[in-house]
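Student: Below are the chains, spelled out letter by letter.
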Amino acid sequence: MPPKNIEIILMRQLASYLAIPTLIADSGETLIFCNGSAEEFLDCQYKEIGEISLQKWSSMIPATTEEGLPLPMEDRSLLIALQKHRATHRAYWIRTFHNLSKKIKVTAFPLKGMAGRYLGAVSIFWEVSSLPNQAVHATQHTDNLKVSRCIEVILMRQLSSYLAMPIFLVDPVGNLLFYNESAERLLGHRYNETGEMPFEEWSTIFIPTAEDGSPIPPEDLPLSIALQKYRADHRSFWIRSLDGIFRRIAVTAFPLEGEEGRHLGAVAIFWEEENPL
Amino acid sequence: MRITLWGTRGSLAAPGPETVRYGGNTSCVEVRGADGTLLVLDAGTGIRRLGTTIGPEVPRIDLLLTHLHMDHIQGLGFFRPLDQPHQEVHIWGPPSIALDLRTRLARYLSPPLFPVWLRDLPCQLMLHDISLGSFQIGGLEITASLVCHPGPTLGFRITEGSTSIAYLPDHEPALGAKEFPEEPDWISGFGLAEGVDLLIHDAQYTSEEYSKRIGWGHSAISHTIQFATLAGVKRLVTFHHDPSHTDFLLDHLLRGVQNSFDLTFQLIPGIEGTILEL
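Listed in order, the protein sequences are those of chains A and B. Residues in the first sequence are numbered consecutively from 1, following the working numbering. Residues in the second sequence are numbered consecutively from 1, following the working numbering.
No wet-lab data here; the hints were simulated from the structure. Take these hints with a grain of salt, some might be off.
As the list claims (entries may be wrong) - To spell it out: a stretch of chain A is covered by chain B in this simulated footprint if at least three of its residues, at any positions, have a beta carbon under 8 Å from a beta carbon of chain B; those stretches are:
| # | stretch |
| --- | --- |
| 1 | 10–18 |
| 2 | 181–195 |
What the hints assert, rightly or not - Partner residues are not named here, just some residues of chain A that face chain B (Cβ under 8 Å, in silico):
| # | residue |
| --- | --- |
| 3 | I6 |
| 4 | M114 |
| 5 | A115 |
| 6 | G116 |
| 7 | I151 |
| 8 | I154 |
| 9 | Y162 |
| 10 | S214 |
Think of the CB as a built atom: it goes at the ideal place given N, C-alpha and C, for glycine as much as any other residue.
So that you can see chain B by itself, here it is in the shape it has in the complex (with noise of 0.2 Å):
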């Protein structure tokens, strides 16, 4: 399985000379399967550099969403693979009790927040309401939870034979823990980040930060490595980083984080370009 981080920013894309070692793309990570199957999560500003990187030879793309807010939907409309025409393109996204997927991304791809309607693309394009459960893409099995973040929004678990990763974007596993970690059934996203080969996790605040911004969906540098290593996990990228936050300061917080915490796993800076194997 390859990993390539194309967009690791959270809220909003964050360009500029003080970010762009880590980068300023907002959330978009793509998944290569050994047998090709090409799976991209999340839709941030980051999928447009991937799109530029996707010719013919790909006959299928499959894009999950783990929720709809703007950081992770809005490069969707410059996604290159959805303007041609015989590009197979399969747009996953979180269940919800109202409207279907296309109703609900309908009202960001339509005028006047965009002018192309979604029906106008020309790729073969199929929208699903993710089923909870596991489900196959293929040779990738795919695992979607719920987790704790404001509105419904998915985790993923993604396993090619003895290989899984966990990417769980936007998580507060930590809100209303009066103890954090508790005991590990009682934690939001638990099951799916338990013993993966990596774990791509929110990491957007410090706990000064968090303090401040309790319910907001989002976590603590310090309640991301406590979930990281109850979940017993091989390795943690960090993610979804504050707009606000520059190199300087993601450089400060992970060597913070190696000199306070006795980790139990390879702490991997979430910078955008980052390529892993597993």
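Only chain A is shown next, with the shape it has when bound in the complex (with noise of 0.2 Å):
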């Protein structure tokens, strides 16, 4: 078997530690990993199914809409994701392999390396109707000076320096730990002129503005909900960089959840999106 790109093997290493269900494939449209949580929702093993193709998962996981429709192969997440390479944010129904049916909220992204190379995607999801534990998470904040030096932290940075999206990350208080080259590129700022922004600079300095040209509050945005609410969420709205350019991006935020409830943080995958006038 040929050896994984770092891109891959970094993102299954995370994706490991993380409580959030996760499953990646690669460029060969197999899914490659399913991590411990999802394996748990999902009521399988991983290792016991080995690598197979999305079509053969799909089947073993049959998907409904929320109308109750059968959801076409080519309309799961982790699918758009890799063939169309962009996100995808939605909810539909899905039976375990316990036969039992959960409601699901998928996002899905494309994992894009240097040079134009698509890798493969990731898409991580939770049940509709289980709602965070915020009494744990109140609890399970961790402490901030700690929280860069947790693994799951030292990992989504270092895959983050080897992805070509713009990505964002931030510990649990909404401070701003780190950004990739590419939202360097994005932002018209190197991260080393910017440094660990707090949540109220970061959150306002690029003047966020919704499609109708009215400004979008801090808490709107998605990765404040991801910190906020510990859940995914999913906006395309403009901004201004630092360069003094304006430009539209979609925004994919997820939060970063580790083993036993930990709280350490967001992460906001981003890119420019051509201006729709």
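Dock chain one against chain two, each of which comes alone in its own frame, and use the hints as you go.
Tutor: As structure tokens, then:
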């Protein structure tokens, strides 16, 4: 079997530590990893299944739309991310290996490396009916000073440095811990020039603006929602980069939840969209 | 293929009486092909002495940089061939999404960090952003892949006929692994190192040091041995020694390795000045 690319290796290592159910597929549309949380959720043992095509996987985990209609293979989130090279965020029903019906929200995004290489895709998902345990999260906020030393944050930061998608990483209270080279290009400033910005600064400095021109309150930004509500979010809007240029971006954000309920912060992946006008 | 170790120290040059045998110069390895092709791997402080041995009889020098951390480029400004107007020098560096190699190198080779501008170097200088995959320089085939180390960092596999070496001076293959080693195709750098005649690999830390430096991008020596064993290499050179590790300690660590592991390869201490013929 050919060796995996470093980006895929780092993503798998990261996923193995996350409490969020996570699947990884490669560019050949093969499911290559299913983390422990996903195994528990889907009632399966990935090592017994092994690497299989997404087509076969989809037949093992049948899905239906919210209206109860079969969800076509090409509308499954992981496949959209793989084939269309864009993030996707939707809800649908699945049936687990133990024949349990669960409604899930799925966020999937491609893994794009340097030189335009599309290496695979990642999907994260959770049950719509379950609410995050606020009490657990309130007590499990990891000391900010230690967050940057957590393996999940180390892995996310290193993975980000290899990816061509602009990525922001914030700690549990919203301080900006890191953004990668791709984000530097989009934002117009290098990370070592801006450093670790507090939430109040980064959530406003880029002047996030909705399509109708109205300012977006900080708490409505996807990264804020991921931090405050412990769920993924996805939105398109305008920003003014630090180089003064207005850009339309799409943002997918998700919380970084480690094992034993540790809330480690959140990640936003974003990229520039063409002006629809 | 002839390999000469001009600098085997990591992170910071560490001259002094307690490091005189292993050497204090940072990463630099010379590779000479049978057809005379000259590759220089990294431009740590060890490149200064290498430069004094290269004369006008060498038509072309190819310098391959694994990454641009200071200990791997600090000697560049003191590499004598760069001062020779008729010397052809190619510098190959890791790809970047944002900036070309010239711009990134110029961050160091320019005032206030260095008194000479990159553009003012007298030699015939050509800079290349490495494309991942394989390419040819003279009679040597070079394969470059990204490996696990903070910031885009390359490892190289160099092949001449049936002989191959792998150079992974800054590498943390065990990062994030709950059990190391895992399946080979899930290990960073495995594809570069598999079956090589010589592996030059990061062996910076003791296991205790590594436990406090997870994510710093370097290996515990035990991980290095496990990696080399899994890759089925024939020889391993321990490299990128921690600046605090004295000759005495390095000897002790290597003795410990030989006593603790059933080695399937020849273990070669990474000592500055070592010449290996393959």
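Student: The hint names A115 (chain A) as touching chain B; please verify it with the least Cβ-Cβ distance against 8 Å.
Tutor: holds (6 Å)
Student: Taking 8 Å as the C-beta cutoff, is the stated coverage of the stretch 181–195 of chain A by chain B satisfied by three or more residues?
Tutor: holds (count 4)
Student: Can we keep the S214 (chain A) interface hint, with Cβ of chain B closer than 8 Å?
Tutor: With a closest approach of 32 Å, the S214 (chain A) hint is violated.
Student: Holds or violated: is the Cβ of I154 (chain A) closer than 8 Å to a Cβ in chain B?
Tutor: holds (4 Å)
Student: Would you say the stretch 10–18 of chain A counts as covered by chain B, given the rule of at least 3 residues with C-beta under 8 Å?
Tutor: holds (count 6)
Student: Taking 8 Å as the limit, does the beta-carbon of Y162 (chain A) come near enough to a beta-carbon in chain B?
Tutor: holds (6 Å)
Student: When the nearest CB of chain B is found for I6 (chain A), is that gap smaller than 8 Å?
Tutor: Hint on I6 (chain A): holds, closest Cβ of chain B at ~4 Å, below 8 Å.
Student: A closest beta-carbon separation below 8 Å is what the hint needs, so does G116 (chain A) meet it against chain B?
Tutor: Interface hint status for G116 (chain A): violated (10 Å vs cutoff 8 Å).
Student: Is the hint on M114 (chain A) kept, meaning its closest Cβ partner in chain B is under 8 Å away?
Tutor: Result: holds, 5 Å to nearest chain B Cβ.
Student: Let's test the interface hint: is any C-beta of chain B closer than 8 Å to that of I151 (chain A)?
Tutor: Holds - the Cβ of I151 (chain A) comes within 8 Å of chain B, reaching about 6 Å at its closest.
The structure is inconsistent with the numbered hints 6, 10, although it conforms to all the rest.
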